[in-house]
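Model the full structure from these sequences, guided by the hints.
Protein chains in written order, with this note's numbering: chain A, 571 to 905; chain B, 467 to 789.
It is possible that some hints are incorrect.
As the list claims (entries may be wrong) - Derived DEER-like restraints, expressed as beta-carbon distance ranges: (1) A:Leu576 / B:Gln613: 37 to 47 Å; (2) A:Leu576 / B:Ala498: 55 to 65 Å; (3) B:Glu592 / A:Thr887: 27 to 37 Å; (4) A:Leu726 / B:Arg543: 51 to 61 Å; (5) A:Val894 / B:Glu592: 49 to 59 Å; (6) A:Leu759 / B:Gln613: 39 to 49 Å.
To be verified - Straight-line C-alpha distance at most 20 Å; calculated SDA-like pairs for lysine to any residue: (7) A:Lys825 / A:Val694; (8) A:Lys825 / B:Glu592; (9) B:Lys605 / B:Ala658; (10) A:Lys825 / B:Gln577; (11) A:Lys825 / B:His620; (12) A:Lys825 / B:Gln621; (13) A:Lys695 / B:Leu523; (14) A:Lys825 / A:Ala898; (15) A:Lys695 / B:Gly522; (16) A:Lys695 / B:Phe480; (17) A:Lys825 / B:Arg757; (18) A:Lys825 / B:Tyr618; (19) A:Lys695 / A:Asp803; (20) A:Lys695 / B:Gln577; (21) A:Lys695 / B:Glu592; (22) B:Lys767 / B:Arg757; (23) A:Lys825 / B:Asp617; (24) A:Lys825 / B:Asp616; (25) A:Lys825 / A:Glu864; (26) A:Lys695 / B:Asp617; (27) A:Lys825 / A:Ala895; (28) B:Lys605 / B:Asp665.
Stated by the list, open to error - Stretch-level coverage of chain A by chain B, calculated; a stretch enters the list once three of its residues show a Cβ under 8 Å from a Cβ in chain B: (29) 790–804; (30) 811–820.
Worth flagging that the hints you see were computed from the coordinates, not collected in a lab. Note that the coordinates shown come from a computational prediction; the quantities given were computed from them, not determined experimentally. Glycine is no exception: its CB is placed at the ideal position from the N, C-alpha and C atoms.
Chain residues, written in single-letter form:
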Amino acid sequence: MTASRLVERLLQTLPVLFGISVIVFLMITLTPGDPVEIMLADSRATPEQAEQLRRDLGLHLPLHERFLVFLGNAVTGDFGVSFFHRRPVIEVILERLPATIELTLAAMLLALAVAIPLGVAAAVKRDTWLDRALSAASLFGVSLPGFWFGILLILLFSVTLGLFPVGGRTPFDLEVARVSGFLLVDTLLAGRLDAFAAALRHLALPAVTLGLPTAALLARVVRSSMAEVLTSDYVLFAEAKGISRARVLLRHALKNALIPVVTVAAIETGSLLGGNMIVETVFGWPGLGRLVVESIFARNYPLVQAAVLLYAVTYVTLNFLADVAYTALNPKVRL
Amino acid sequence: MSALLEVRGLRTVFPTRRGPVAAADGVDLTIAAGEALGVVGESGSGKSVTFLSVLGLVRPPGRVVAGEIRFDGRDLRRLPRAELRALRGRQMALAMQDALSALNPAFTIGQQLCETLVAHGLARTEAEARPQAAALLDKVGIPSAAQRLDDYPHQFSGGMRQRAMIAIALAGRPRLLVADEPTTALDVTLRAQVLDLLDDLRRQDGLALALITHDLAVVAERCARVMVMYAGQVVESGPTAEVIVAPRHPYTRGLLESLPRLEDPDRPLHPIPGQVPDLARVDAGCRFRNRCPLAVPDCAKPVPLAEAGVGRLSRCIRAAEVA
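Rendered as structure tokens:
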């Protein structure tokens, strides 16, 4: 991919992001519920004080002016101050983001680790009992509602068997220097294997809850893609060359079969970020998803706007990266 | 001439919704070292299936259910999988109709060549295989071969791709090459180039060639012997020159009459009337009888492949009257 083509592709994302910022701004603003009232609910503020707060937050301006202010600031990376935290939104979000990314990546890696071998096995053993069993299992997996499945996992593995913590990201007493914000990385950097194991144990159930439906979906994609590739002439030709069956399957067939999988996986990673809201809430995971849910309830406009915009940017970026990866895997496509 | 490949009574069956279909049914054939056998027949006549059976590459759920496949004295059907795989590419190779789909789009020509060399112990590593790979490309007439090793298949032109595929098939220096419609996808000038290449390889290296085609003209030009297949069976075989001049099976004669002739361009063409029978519903009798001008009631009885002259076989009870 040439540099100019790269820039062009990046510019194509701008209208998308603008459109999303308009929608996000309108949705949250037009939702009933006054943030000032919610913020002052427990205190006995005078109407003057409430009006002062409204001015401080810029909520006294007409809608279109508020949007322009929001957009102008957003372009410079300033998403305003979180109503609730009284700190810059961007700061609050960045604090929570690593936990969400860690969970999302763990879920996606788990999904791929499950989906690729199972999908390949189903394709190779096409129309056998194994294929049918895997197909039924993946239909079940795709249909699993995250909140219900998460609770079931907690009941079984945490409450009944006591194998995993009920929720949270770390034990309360864990003290590790935050370098990257990713606990699995930071605990290793600190040389604390015990803390690493603890972090992993906390990560396990939420990652499974988040990753399993994705694994089921990806397994179906891998299966159909691999099954198609296996009927291709180049697989027959590779077999005629006398190379091993494993090499034919894992090298010749899989590399081609993974091309559509990469695209779906990248887009699914974006969806996982959204799915985080439910899983993080169920498991008390201190990530962005929970922050967003809390902020929606608190009518914390600036934070919701910034977060949704961030989701959008991530989604668009992942699509872009999927294209780049697609190019790397498929020499016939030159963007 | 001793036979390099000898097939007896080969039967390859595919299950279908309407019952099992024998895509190759009682096929006998022989190919000697350095010999070119033309295999002619329309699509679905069992040409490809016969040779995929020989190579052990029939795709499940299809499978070889009967017959003997002797290659260099060994019965391939009794060989363990690993040994059969070691023969593939090394002793017997396959060249396909469409190189664009036969070559893996995700790997370079060099990778696909070197892989075969390494798999058969002709080089220890892919890096070590590169000079041999370049020599192979050079041998099939690809200019500046060493530089083109790192090209992907789609960066080659059609004719080059076809020759590169043949180079890959021949990388293990096999003794038998099954060329399944190797020139059908090419235009006329490229066709001649590829066929010349196969001829040269046969003469220089003693490569035996099974040239599967539906183009009788190609067979007439390139193959000393021809075998005609119809509806899963061999209906006629013999020296090409004799078969063309005096066919011993009505189907062969029908094929010849359906071709235009250079010396007599105004001669009306005679397509064979009727349809190929449904392979799921054939009986023991002659499979061509529903389209045959010579058919008699006795054709409904089983017809064996019988001698019809020196070195000639025909599956027709009225072989002598065909001509």
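Hint check:
1. Judged by the Cβ atoms, the range 37 to 47 Å given for Leu576 of chain A and Gln613 of chain B is violated: they are separated by roughly 28 Å.
2. Here the CB-CB span from Leu576 of chain A to Ala498 of chain B is close to 60 Å, well matched to the stated 55 to 65 Å.
3. For the pair Glu592 of chain B and Thr887 of chain A, the beta carbons lie near 36 Å from each other, so the given range of 27 to 37 Å is met.
4. Distance hint check: the CB atoms of Leu726 of chain A and Arg543 of chain B are about 52 Å apart, consistent with the given range 51 to 61 Å.
5. At about 27 Å, the CB distance of Val894 of chain A to Glu592 of chain B disagrees with the hint of 49 to 59 Å.
6. In this structure the supplied range 39 to 49 Å holds for Leu759 of chain A paired with Gln613 of chain B, their Cβ-Cβ distance being about 47 Å.
7. A distance of roughly 15 Å separates the Cα atoms of Lys825 of chain A and Val694 of chain A; the hinted pair therefore holds under the 20 Å criterion.
8. Under the criterion of a C-alpha separation no larger than 20 Å, the hint pairing Lys825 of chain A with Glu592 of chain B is consistent with the structure, at around 19 Å.
9. Annotation: proposed proximity of Lys605 of chain B to Ala658 of chain B holds, straight-line Cα distance about 16 Å (limit 20 Å).
10. The suggested pairing of Lys825 of chain A with Gln577 of chain B holds, with an alpha-carbon distance near 14 Å, which does not exceed 20 Å.
11. Proposed proximity of Lys825 of chain A and His620 of chain B is supported: the alpha carbons are some 17 Å apart, at most 20 Å.
12. At most 20 Å may separate the alpha-carbon atoms for a hinted pair to count; Lys825 of chain A and Gln621 of chain B meet this at roughly 19 Å.
13. Proximity of Lys695 of chain A to Leu523 of chain B is assessed by CA-CA distance (about 16 Å); at most 20 Å being required, the pair is judged to hold.
14. Taken as a hint, the Lys825 of chain A and Ala898 of chain A pair is honoured in the structure, with Cα atoms around 11 Å apart against an allowance of 20 Å.
15. At roughly 18 Å between alpha-carbon atoms, Lys695 of chain A and Gly522 of chain B fall within 20 Å of each other, so this suggested pair holds.
16. The hinted pair formed by Lys695 of chain A and Phe480 of chain B meets the criterion: a straight-line CA distance of about 17 Å does not exceed 20 Å.
17. The hinted pair formed by Lys825 of chain A and Arg757 of chain B fails the criterion: a straight-line CA distance of about 48 Å is larger than 20 Å.
18. In summary, the hint linking Lys825 of chain A to Tyr618 of chain B is supported, as the alpha carbons are separated by about 15 Å, within the 20 Å threshold.
19. Proposed proximity of Lys695 of chain A and Asp803 of chain A is supported: the alpha carbons are some 19 Å apart, at most 20 Å.
20. Taking the CA atoms of Lys695 of chain A and Gln577 of chain B, the gap is near 28 Å; set against the 20 Å cutoff, the hint is violated.
21. Straight-line distance between C-alpha atoms of Lys695 of chain A and Glu592 of chain B comes to about 31 Å, which puts the hinted pair past the 20 Å bound.
22. The straight-line distance between the Cα atoms of Lys767 of chain B and Arg757 of chain B is roughly 16 Å, inside the 20 Å bound, and the hint therefore holds.
23. In summary, the hint linking Lys825 of chain A to Asp617 of chain B is supported, as the alpha carbons are separated by about 17 Å, within the 20 Å threshold.
24. Pair hint Lys825 of chain A plus Asp616 of chain B holds up; C-alpha atoms about 18 Å apart against a cutoff of 20 Å.
25. Proposed proximity of Lys825 of chain A and Glu864 of chain A is contradicted: the alpha carbons are some 43 Å apart, above 20 Å.
26. Only pairs whose Cα atoms come within 20 Å are accepted, and Lys695 of chain A paired with Asp617 of chain B is rejected, the gap being roughly 34 Å.
27. A distance of roughly 12 Å separates the Cα atoms of Lys825 of chain A and Ala895 of chain A; the hinted pair therefore holds under the 20 Å criterion.
28. Of the supplied pair hints, the one linking Lys605 of chain B and Asp665 of chain B holds, its CA atoms being roughly 13 Å apart against a limit of 20 Å.
29. For the segment 790–804 of chain A, the assignment as covered by chain B holds, since 4 residues bring a beta-carbon within under 8 Å of that chain's beta-carbons and 3 suffice.
30. With 6 residues having a beta carbon nearer than 8 Å to a beta carbon of chain B, the segment 811–820 of chain A meets the requirement of three or more and the stated coverage holds.
Hints 1, 5, 17, 20, 21, 25 and 26 from the list above are not met by this structure, while the remaining hints are.
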